[in-house]
Every structure is written in structure tokens, then in C-alpha cells.
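Chemist: Starting from two chains that each stand alone, build the complex the way the hints lay out.
These protein sequences, in sequence, are chains W and S.
All residue numbers in the first sequence are consecutive under my numbering, ending with 400.
All residue numbers in the second sequence are consecutive under my numbering, ending with 145.
Hints in this document: simulated from the structure, not taken from any laboratory.
Be aware that a few hints might be false.
Not close to chain S: a few residues of chain W, all C-beta gaps over 12 Å, as computed [what the hints assert, rightly or not]: (1) E21; (2) A25; (3) L87; (4) G105; (5) K119; (6) T194; (7) V195; (8) E254; (9) E312; (10) T374.
Computed cross-link-like contacts, SDA-like style, restricted to lysine to any residue with a CA-CA straight-line distance of at most 25 Å [claimed, not checked]: (11) W:K158 / S:A138; (12) W:K158 / S:G113; (13) W:K274 / S:A138; (14) W:K65 / W:L87; (15) W:K236 / W:L87.
Glycine residues also receive a C-beta, built at the ideal position from the N, C-alpha and C atoms.
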Amino acid sequence: MAHGIRDKVAILGMGCSRFGERWDAGPDDLMVEAFKEALADAGLERDRIEAAWLGVFYQEQSTSKSGLPLSMALRLPNVPVTRVENLCATGTEALRGAAYAVAAGACDVALAMGVEKLKDTGFAGLPERTKGTFEDLWQPGFTPPGAFAQLGAAYAAKHGLPMDELKRAMAHVSWKSHENAALNPKAHLRNRITVEQALNAPMVAYPLGTYDCCGVSDGAACAIVTTPEIARSLGKRDLVTIKALQLAPSNGVEMGHASWDGAHTPTTRIAAAKAYAEAGVQDPRAELSLIEVHDCFSITELVLMEDLGLSEPGRAAFDVRDGRYDRDGAIPCQVDGGLKCFGHPVGASGLRMVYEVYTQLLGRAGARQLSSPTLGLTHNLGGIPNRNVASISILGLHAA
Amino acid sequence: MPTPTSIPVVDGLFDVQDGAPALVGAKCTACGTHYFPRRARCSNPACNGAEAAPVRLGPRGVLYSWSVQAYRPPPLFGMDPWAPYAIGLVDLPEGVRVMAMLTGAPPEAFQIGSPMQLRLEPLRVDADGREVLTWKFAPVAEHVA
Ligand SMILES: [Zn+2]
Chain W
1 MAHGIRDKVA ILGMGCSRFG ERWDAGPDDL MVEAFKEALA DAGLERDRIE AAWLGVFYQE
61 QSTSKSGLPL SMALRLPNVP VTRVENLCAT GTEALRGAAY AVAAGACDVA LAMGVEKLKD
121 TGFAGLPERT KGTFEDLWQP GFTPPGAFAQ LGAAYAAKHG LPMDELKRAM AHVSWKSHEN
181 AALNPKAHLR NRITVEQALN APMVAYPLGT YDCCGVSDGA ACAIVTTPEI ARSLGKRDLV
241 TIKALQLAPS NGVEMGHASW DGAHTPTTRI AAAKAYAEAG VQDPRAELSL IEVHDCFSIT
301 ELVLMEDLGL SEPGRAAFDV RDGRYDRDGA IPCQVDGGLK CFGHPVGASG LRMVYEVYTQ
361 LLGRAGARQL SSPTLGLTHN LGGIPNRNVA SISILGLHAA
Chain S
1 MPTPTSIPVV DGLFDVQDGA PALVGAKCTA CGTHYFPRRA RCSNPACNGA EAAPVRLGPR
61 GVLYSWSVQA YRPPPLFGMD PWAPYAIGLV DLPEGVRVMA MLTGAPPEAF QIGSPMQLRL
121 EPLRVDADGR EVLTWKFAPV AEHVA
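Bound-form chain S, shown alone (with noise of 0.2 Å):
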């Protein structure tokens, strides 16, 4: 995954296999129900599995909503440098919904029902000079307005 000069900003959430990054969640091995971030368990209700595994999601999704994050949230966020950034709900073929930034147009080009390609990117740089990547969603080059 991330070369020496790079880190994910949590462990566990994304992997890169052959240089393609993937989002990893879980999934029920009773009702086949996925998640994302990763989980040990199902919690459908109306499943009595015990057991969910690791599982690469995506990569691609399809836009449900999105918004302009226009001020900066509280520090723990640690983006740096902060602009102002697009955020959306991206659908993906597991059924999931995934919060996540968006990237790769302007923050008004975003359209909802628009197909969408997982990257990863830098949010800040640590005290060692690594940089702390986190997983957004950018538009599918063909259709970035």
C-alpha cells in the first residue's frame, strides 16, 4: 500500500492491490449484507449471522447527494492546507452509501446520478513528513462537466 512517504489516516479502511485502491468493509457471511468502515459483525436486524468479512468495496459508485463544506470543522479533522471541499454520498454496487470527500471537478460541478471513481489523496502532512492519505471520490473522467 502507501509507499514509505505515505500513511492512510486510519488503518484498515482502504488498501491498493496492482495500483488500484479499493475501499475495505465487511460482509456478512449469513446474509451477505456489506458495511463500510470494516466491522466484526452483522447488525441487520433480521439477520442472525455472527460472522462479517473483510471485503474490498467499489471502486466505483454512483453520486446520491453532495454539499460544499465552506467552513473549517473542528481541528481533529486535521486537513491541511483547508479549503473549502465538496462532500457526498456515493453509492456503491454492495449496496453500501459511503460518506466521503469529493475530488477531481469544482465543488458546484458535482451531479447527482453521476458515476464516480475512488481515489486516494493527501489531507495534511505529518510531523515526519509523510502524507496522510485519505479515500475520496472523484467523477469518472468522461463525465466531469
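Looking at chain W on its own, in the form it has when it is part of the complex (with noise of 0.2 Å):
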């Protein structure tokens, strides 16, 4: 591999809006939201901002497909903007843009946004969106829930675990993200449960009950980016860098085979072969403080603790009920609450993550911060498990 984005690009600054159902607000208001806090914390005008990336899914109706809603929302006339969009990583897509332009020398100060308002949609989960007429007519009533819910019953029979074994640990997994949100005002669902509640919840998908789902929500997350030098020109004494970002999507032959594991997500273990070696790291199990991952479904995370490396294969189960990624644990996970309870604004969701590790790691996290963590990492898988992208960026403190 080439040297990879490793140490090339530092935040600046950051800004999440509050998550949740925001009738008060539209998709320009959250990005300003965003925004305002992301120009305070870099100390920057906004004329500094070169260039921008908006990370937008489906919220066309309200924000169009261009970059113009970022132009007009955050007072940017004339600044080339980048509208993109990638299922589920369209936030972690919006910040590879903007880093790998400061990296390659084009701009010295870049804007990722990414922002999407699904409450406006008026459907209680993900709305209908059309993937091409063919695939829309074809897919037989496969929803979000019914297709990750799959990787129940296939990981149970895979590693032989009872059901109500695999449950109780996909229940700790929703319990643990409800504790930890909490202790943020920023997230949607705030409300602290217990395991018997997730447990008796009602089916969603089996075995998927009402708390093994993420919530629907609308939010914008942001990040400024630039060089480490020019960051440390301006005046940042702990900076945080970009150690990797890495993309896979499904290799074609993966979608509907049966070579593919459709207990796990094979893309989310090649993205993490490649993010750790470009980021250096040895031992993830060791090095990182900190992981946010696409808690879609509990079970999502469950099984992704085994594909990041971090727990042995068929262990995730026993490790995730031993506390090994609650707040107090080992390897903490989604110490914001995750997707769980921030929802999962398709578009903000892969920010709203890397906010969480960069707010971590300056020691900003008030009631839910970690001790002296250094190095964190995010995770999105877009699609289903079958067919999807997984993206992966690990962020760590910058030695001086």
C-alpha cells in the first residue's frame, strides 16, 4: 500500500447538532447548527472554508441532490461543494472527500457535512427509496430489520449458541448504549432501560424486538480539516488526525452466494485489514481506546466486535456480557449512545461518529469521558448484509 492518508490530515474543529425528532428545525438549521459549534471549535471564519463535501441519502426532498443546500445554508457562495452519497457511510464518505483533498495539496481548509432529516419522511422506520426499478420490484418485502435480523439465527446456528443466550447479549448490547446516552445531552433516546425490558420487548423481526433497533431521527454532524502544520500554525496544541479511512464495498460474487458468511459482514473485516495497516495499527484489541460501529441492530454490533478482530470468533456473545465494550470496559463502544439512541440520520451518522472519537480524545466528553484515550475508530455498513459497503476511519491523538 502507499503510505495511505496516515498523520496527512488533522481536525480543526467539529460540530453535531442535538439529535432527534426536530420539527423546530430544518436541514439548513441542523447544518448551521453544526456548523457554528465546528467554526468556534477551529477558531476559524468561515471564508477560510476552500472547499466542502455534504453527505445527504434521502432527504432530496428537502435538500435537493446538489451542493447547493450547503452553499446556501451555510453562507458559502462560490465554494466548490461535493454532494455525495454511499448507503449508510455517506457521512464517512463526505469527510474522506474533504481529507483527501487537504492531502493531496488542493485546499488547505475543508468542510465535511452531513446532515438528513428522516422524520420529515412520515414513516416510522426507514422510508421507500427507489434502488432502480428492477431491484425495487424484485426484493420481496425485505426490510432494513428483516434482512440484519437474518444474522441472528445464522450466527446462532453457526456457533451453536442458544437463541435466548444470543438474545441476552444483544439485549446488554442496547442496554449499554441507553446508559451511555444518557450522559449525552446530544442524543435522541436519553432514556436509561434494563435487559428484561429489551428482552420482552415486541418482534420487530425475529429476534429482533423494538430495543434491538436503532431509532429515526433527523441531525447534522461536521468537520473542519487541514494540514497538522497549518493546524498547529493556528494555534492547536492536541490535534487529532486522520490514521486511516478505508471503503469496501461487496465484491459481486459475496451478494447472494453461498460463499459468502452471512453470519458476519465479510466487507467490514476486509476494511479493517486494510484500516489497520494503514493506520499502523499491530494490535487493535490493545490500541484502541475507543470504537463506534453501525449499531443498526444489536446484533450488527454483536457480530462486527468478531470482524473488527476484537473479539475471537464466536466470543462476541460471552465478551459483550462480560462488559468488555461498556463504557467501563475494555474496549468501550458506542460511548455516545451509538445509533442505538442518536438514531441513524443516514447521511450524518458516519460524523456524528467520528465526533464522538474526536470529542473523546481532546477530553471533552464531560460525564461519559474516558480515561486518556488515544486512538479510536468508526464503522458504517451501508446496505444489507449481503450487499453493502462497509467504511472504516481510525482517528488518534497526534504525537507533537
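Modeler: Below, the structure written as C-alpha cells:
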């Protein structure tokens, strides 16, 4: 591999709107909310932004599919804006564009913004969105919960785990995220729950009950990026730099083939191996201080612990219940509350995850602050388990 | 294929020969990889073949995983009347793993590893009174729990 993105780009400032049912705000308001925070954090005037990437997935009804919504909402006329979309990895894709532009030397300061206003679509889960005429018609009613739920039965069968044991571990996954979100004023769902509540919730798609599914929310998050040298020249002392940005789409044969491991997400394994190499991570279990993964459903988060190389094959359910991924565990996962409690405004989620890692690394996380974190990972999985894009970023404190 | 009073949910996904339904997929003429639904080209990254020819798949397979869709999906799906239904992944002998609605047993009665058989069943009745048929897999009779 070429040298990669490692330490070529620093985060100068970040912002994240409050997530939730934001009937009080349009997508432009949410972008402004996140952007103001990021500008203040960066200590910049907005005319220093030389290029921007806007991640929007569903929300074309109020934002359109161009770069204009960002230009107009943030009052950045005539600054190049690239609007990107890559399923649930859309927010991270915006960051990749901005980071690559800075690394290439095409601009000194770039903005990555992700926004989505799902509640306005009027559907309780994800709204209907065309995947192309043929795709829409032939897929017989496979919702995201229905597709991801099948990881559950397949995982239990593959590893010989009784379903009630797996269900209890899945309930722990959601319980833990609600515990974390209770400490986070920006989260959507801040109530605490019990494991029993999660176990006894109504079914959405067996074995997923209500508490096994992430929320549906509105939100925006953004990052202003530059080079480490410029960040230092602007007076930044503690620097968070990007260590890796990797993306692995399904390979063609794995989709719909028995060669694909339907109890896991093989693309995550590929993206993780590349990201660890790019970041110079030898032993992720020892080196990662925190992780923010794509917990669209509790079972997804559980199998990802193995796909990211953090639990041994077949051991994730036991590690989860041992508290390994709790806030006070060895590798805290979803310290901010995750998709579970932030919901999943698709374009914003990747940058919301990066925001938490950034906030933790700089010691600004208040009541949920971890002790001296140095390296964090974010992960998105867009699509369904057998047909997806897996996206990983690694961020860390930059040695002075 | 379907009688004049029925139509397929999408043309070209399945056919019926001598009363026996089968899924219609494609097979790469170079590497032999099978696909469902049908496609014009092979997407195996290890293959340089240009063509994929239509081929009938199954109709028997083995259940790999399953779930129960307990809420009504967005409207494009068009199942009417609606009731919770099982869905599953079925491994066909050609190496294809097909996601499909499941039928022929109560939703919680499906067992991973059990043999499955293709069936065509109505999804809804259209404005002209025709049954709109889709493909489903049911447990092979002697294996129903
Ligand atoms: Zn081929």
C-alpha cells in the first residue's frame, strides 16, 4: 500500500447538532447548528473554507441532490461543494472527500458535512427509496430489520449458541448504549432501560425486538479539516489526526452466494484489515481506546466485534455480557449512545461517530469521558448484510 | 407460465415448465458462477468472462437463515392483505443464496439446514383481478416441524 492518509490530515474543528425529532428545524438549520459549533471550535472565519463535501442520502425532498443546500445554508457561495452518497457510509464518505482534498494539497481547509431529516419522510422506519426499478420490484419485502435479523439465526446456528443466550447478549448491547446516551445531551433517546425490558419488547423481525433496533432521527454533524502543520500554525496544541480511511463495497460474488458468510459482514473484515495497516495498528484489541460501530441493530454490533478482530470467532456474545464493550470495559463501544440512541440520520451518522471519537480524544466528553483515550475507530455498514459498503475510519492523537 | 388470471410480480424471475416452477438466474459461460436474479454479465472479480446465459435454478434448496417480518414494509412491496410473514436465505445447489419469503409452516417453525422447495404464491390481486405471483420457499413436506 502507498503511505496512505495516515497523519496527513488533522481535524481543526467539529460540530454535531442535537439529534432527535427535530420538528423545530429544517436540514439547513441542522447544518448551521453543527457548522457554528465547528467554526467556533476551529477558531476560523467561515471564508477560510475552500471546499466542502455534503453527505445526504434520503433527504432530497428538502435538500435536493446538489451542493447548493450547503452553499446556501452555510453562506458559502462559490465554494466548490461536492454532494456525496454511499448508503449508510455517506457521512464518512463526505469526510473522505474533504480529507483527500487536503492531503492532495488541493486546498488548505475543507469541510465535511452530513445531514438528514428522516422524520419528515413520515415513515416510522426508513422510508421507501428507489434502488432502481428492477431492484425495487424483485426484492420481496425485505426491510432492513428483516435482512439484518437473519444475521441472528445464522450466527446462533454457526456458533452453536442457543437463541436465548444470543438474545440476552443482544439486550446487553442495547442496554449499554442507553446507559451511555443517558449521559449525552445530544442523543435522541436518553432513557435508561433494563435488559429485561429489551428481552420482552415486541418483535420487529425475529430475533430483533424494538430495543434491538436503532432509532429514526434528524441530525447533522460536520468536520473542518486541514493539515497538521496548518493546525499547529493556528495555535492548536492537542491535535487529532486521521490515521486511516477505508471503504470496502461488496465484491460481486459474495452478494447472494453461499460462499458469503451470512453470520458476519465480510466487507467489514476487509476494510478493517486495510484500515489497521494504513493506521499502523498492530493489535487493535490493545491499541483502540474506543470504537463507534454501525449498530443499526444489536445483532449487527455483536457480530462486528468479531469482524473488527476484537472478539474471537464465536465469542462476541460472551465478551459483550462480560462488559468488555461497556463504558468501563476494555474497549468501550458506542460511548455516545450509538445509532441505537442517536438514531440514524443516514448522511450524518458517520460524522456523528467521528465527532464522539474526536471529543473523547480531546477530553471534552464530560460525564461520559473515558480515561486518556488515544486512538478510536468508527465503522459504517451501508446496505444489507449480503450486499453492502463497509467504511472504517481511525483517528488518534497526533504526537507533537 | 401463469394462467391468464395470474401474472408474475416481475417478468423473468421465475418460470414454470411442465407444471414445475423454477427460479430463472444466469450462469457465466466462462467461470460457471450462477446468479439470481438474471444478469447479462458475470461479476466474479476473478473472471474475465463476458457473458452470462439464462439458467433455471433449484427448485430445491437448504435453509441458511430466517426471520419474521413483523411490521408492514413500505408500500411498494404491495402484499395485500398483509400479515406477518417469514423470510429466509435459501442455498440452492448451484451455489446461489436467495433471499425469499417463506411459506408452508408457521413463521416460528423454520429450521436452519432443512430442505426447502420453491413455490409460487399470490402476493396480491391487481386492478384487473389477476393474481400477482411471487416466489417463496416452503419446507419439503416430510420436514415440516
Ligand atoms: Zn465468470
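Chemist: Compare the structure with each hint and give your call.
Modeler: Right, here's what the structure says about each hint:
1. E21: holds (19 Å)
2. A25: holds (25 Å)
3. L87: Answer for L87 of chain W: holds, closest chain S Cβ roughly 17 Å.
4. G105: holds (33 Å)
5. K119: Holds, since 15 Å exceeds 12 Å.
6. T194: holds (22 Å)
7. V195: holds (21 Å)
8. E254: About 10 Å separates E254 of chain W from the closest Cβ of chain S, which leaves it inside 12 Å; violated.
9. E312: It holds; E312 of chain W is separated from chain S by about 22 Å at its closest Cβ, greater than 12 Å.
10. T374: holds (37 Å)
11. W:K158 / S:A138: Satisfied, since the Cα-Cα distance of roughly 22 Å is no more than 25 Å.
12. W:K158 / S:G113: Status holds; Cα separation ~11 Å.
13. W:K274 / S:A138: violated (41 Å)
14. W:K65 / W:L87: holds (14 Å)
15. W:K236 / W:L87: Violated. K236 of chain W to L87 of chain W sits at ~34 Å, over the 25 Å cutoff.
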